[in-house]
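Protein chains in written order, with numbering that gives the first Met the number 0: chain C, 0 to 564; chain L, 0 to 306.
Bear in mind the hints are in silico, worked out from the structure with no lab data behind them. Incorrect hints may appear among the rest.
Stated by the list, open to error - Going by beta-carbon spacing under 7 Å, a handful of chain C positions derived as facing chain L:
id	residue
1	Ser99
2	Val173
3	Val286
4	Gly287
5	Phe288
6	Thr290
7	Lys358
8	Asn359
9	Ile360
The C-beta atom is built at its ideal place from N, Cα and C for all residues, glycine as well.
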Amino acid sequence: MAAREKLGFLRQRFGAAIVRADLTSDRRLYVFVEPRSVKEVCRALFRELDARYVITIGADDRPWSGCFMVAHNFAFDRDQLLVSVMCLLPADSPRIETISDVVPAANWAEREMRDLVGIEAVGHPYPKRLVLPDGWPDGLHPLRKDVEWNEAPDFEDDGAGYDFDDPPEGCTVVPFGPFHPTLDEPAHFRLYVEGEIVRGCEYRGFMVHRGIEKLAESVLGYNDIPIMAERICGICGCVHNVAYAQSVEEAVALRPPPRAEYIRTIMLELERLHSHLLWVGLACHIVGFDTLFMQAFRVREPVMWIAEKISGNRKTYGLCVIGGVRWDITPELGDELETVLDKLESEWHSVARAVKNDKNIQRRTCGVGVADGAVVKEMGLIGPVARAAGVDIDCRRDHPYAAYDRVGFRVITAQSADVWGRLVVRTDEVFESISIIRQCLAKLEPGPIQTPIKEDLPAGRFGLSSVEAPRGESHHFVITGENNRPRRWRVRAPTYQNLQGVPAMIRDAQLADMTIALGSIDPCFSCTDRIESVDVRSGAVKVWTPRELRDMAKRAQSGRDVKDS
Amino acid sequence: MGMSWFWATIGCIFNAALVLVLAPLFEGILRKVTARVQSRKGPPLLQPYYDLFKLLGKEDIESGETPWAQRFAAWLSMGVVLAAVCFVPMGFRAPLGGAGDALVLIYLLMLGGLCTLMAGLAAGSTYSLLGMSREMMLMITLEPLFAVAMIVGAVHANSLRLDAVLGGAVYEGRFGVSGLLMLAVSMASFQALVQRVPFDIPEAETEIMEGPLSEYSGPKLALFKWARMAKLVVYAALFVALFVPWGSGLPFPVGLGLFWCKVLVLVLLVTLVAATHARYRVDQAVRYFGGMLVIAVVALILATYGY
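This is chain C alone, in the form it adopts within the complex:
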């Protein structure tokens, strides 16, 4: 019903500007809009109907429609509805008016769209490169269909570095990253600091972008991609694995059997458990409380063992294929999992008590890294960051998938909007996850774990899927295609939105609070970096320059044997 209502509103308001609308179900709405009205439609959705901004997708659709395609995705969390505002742009002039001035949360996505697909967001408030390195040649957009997947342009950026903004007057620059003990992955914040107070910052990331989307769209097949998707993130990989499979299944109207849905739910919650346990430990470590860090990791370890016993791996479970899952949970494994959960629950009670009653942790986290409801709305923040600010959203309840509509759980919220709130939310979510897994194990009915697929999957269909990762909503968008692979697959990991809220969180804060404020979004940089990494031999004395690495990559792709690399 909600979908029809929103469509009715848009039709009435914008009339002929609404070119076409696909209502694939009550929970999905794809509206094709005249390019010149896109901004106003987005404004109406975001400001008047109070939709939540999810992501913007650019696609090179020239081989099929002769056009470029742009989609702005929004969510109505109360109505279980995801809306995609789409438009086609002429091939010779891929330009569209920016929505970042109306929807600030679209800032990164529009810059990425310009970098990777070459669709210009005209009038963007901060039109700096986001994903591509500064030396990358203009006009070469990796996600265009006429660019080969292994294209490696010859460009000179050695020593040129990044083109940074000037710091405000009276501030010194403190470089935070690309390598820092509390950053597990490379990301660079240039902090503008006055004494010990942070006045602002500039973020440069995407240093290890691996081109996973490009690979999927050009080399891999439908059932290879889940395995690749899982490697987007080392912590919440299963989330991407499931989200991808679900978006394809939705696009081609394929429903996995109930048993597969329960197994997916169990593994997603198992992943949340180990992720939250890890985070609480890391948060304690960041504020110098190493005892709780060690205890959290000790409590977490059995979760990793049982995951290995079930799936064969501590992480990267290799769970999904299109239409089901790859392996089953036997009754014996189910019993063992119950035992692990019982032990975990009692142990987590004591860790949670220790964390919540610790005055020092409170002193270091209360009122730190504040992102209130307004920031959450403007920057599209999600997950524990949003819930800690009293914004009651959770995809498991709001956009139910897998077996979440058949289990009961509480969505934990807090009101303090600071690091403390996020700590409390995550600590308590652990108990909900334990309860969800228990319910799933009880309800796990016998039956097949895969829906057989007899024919080729139809091309040109759209699929959306939002999965609640431990850090927030992971959103996948798929356009199905020919040759057993999608035409376009866009991953929006939660950190992609939450990182954009960090500058607001650390403004006018103590420098000492920077690490815990950043840590409080549970950042996962590999999730945002989805494109080129080259392994350098460990132990080798030689230091590789970027040019040498590039040359080595080229030799490798031209088919010559490159030893050990």
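Fit chain L to the given chain C structure using the hints.
Chain L alone, transformed into the frame defined by chain C:
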């Protein structure tokens, strides 16, 4: 006269050697106990010795803005601790002593903090400078605390000689208010005096990457680390001599044993506090010590009026 100089020199060397040899052992105990609290096995008891030997054997790399100052800061930090050791009784009479040596000791302890400042300046990197400014903020509020404790003792003893100040003079033999206040203040700030969590703010690995020490490596780092371990022993010994001297006067093996037992208990206390606390932010710490300083000054005023 000549003979007493000779014995004083021997005593100084003995004291310094004793502290240098024992300090890594105490550090080892500290690490082992910490590991137990954290459900870990922990490194071997002698690991700190191995660490120091390894660092001392490494290449001595010149780095930072002014390498000579960096080298000097490392040597000075060790030198200061070794000099202080000569004035502190380690279960027996201190080898050096004389009129006003209480003041010398106060200055020496303050000089220890200055070494960190110099190290930070010499490295000249953003993080080391940040660590330096934090150290400076802490020093201003922290260093007077121990000085006041000594002066309270000095006022009661009517002397600036250490051997008069130590040995329970802070209580003036009848547990005066000022003495007890200073005991509380010194207990509450002891963790910071020996640079341990929750007051390891100038180093704060997860925030500013070891701050002033970030540019140190090899032998120079070994000196800093060794000095820090020794500092724990020296401060603990001072604390024991100043506030819990009872039993030290017993005949030779018993008094000495009791003294080191008390030092060990204090080290264990430091370990437990470090293992169960999150780090303070520098502004929170400064406010905390500010409060302590007010109490200390009140104690000093009380002491001058004989309470």
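We went through each hint and held it up to the structure:
The interface hint given for serine 99(C) is violated, since its Cβ lies 32 Å from the closest Cβ of chain L, which is over the 7 Å cut-off. With a least beta-carbon distance of about 5 Å to chain L, the hint placing valine 173(C) at the interface is held under the 7 Å criterion. The criterion of a C-beta within 7 Å of any C-beta in chain L is met by valine 286(C), whose closest approach is roughly 4 Å, and the hint holds. Contact between glycine 287(C) and chain L, as hinted, is supported at the beta carbon level, the nearest pair being about 3 Å apart and thus within 7 Å.
The criterion of a C-beta within 7 Å of any C-beta in chain L is met by phenylalanine 288(C), whose closest approach is roughly 4 Å, and the hint holds. Using the Cβ-Cβ criterion of 7 Å, the hint placing threonine 290(C) at the interface with chain L is satisfied: the shortest such distance is roughly 5 Å. Checking lysine 358(C) against chain L: minimum C-beta separation of about 9 Å lies over 7 Å; hint violated. For asparagine 359(C), the interface hint holds, the least distance from its beta-carbon to any beta-carbon of chain L being 4 Å, beneath 7 Å.
The interface hint given for isoleucine 360(C) is met, as the beta carbon of that residue sits about 5 Å from the closest beta carbon of chain L, less than 7 Å.
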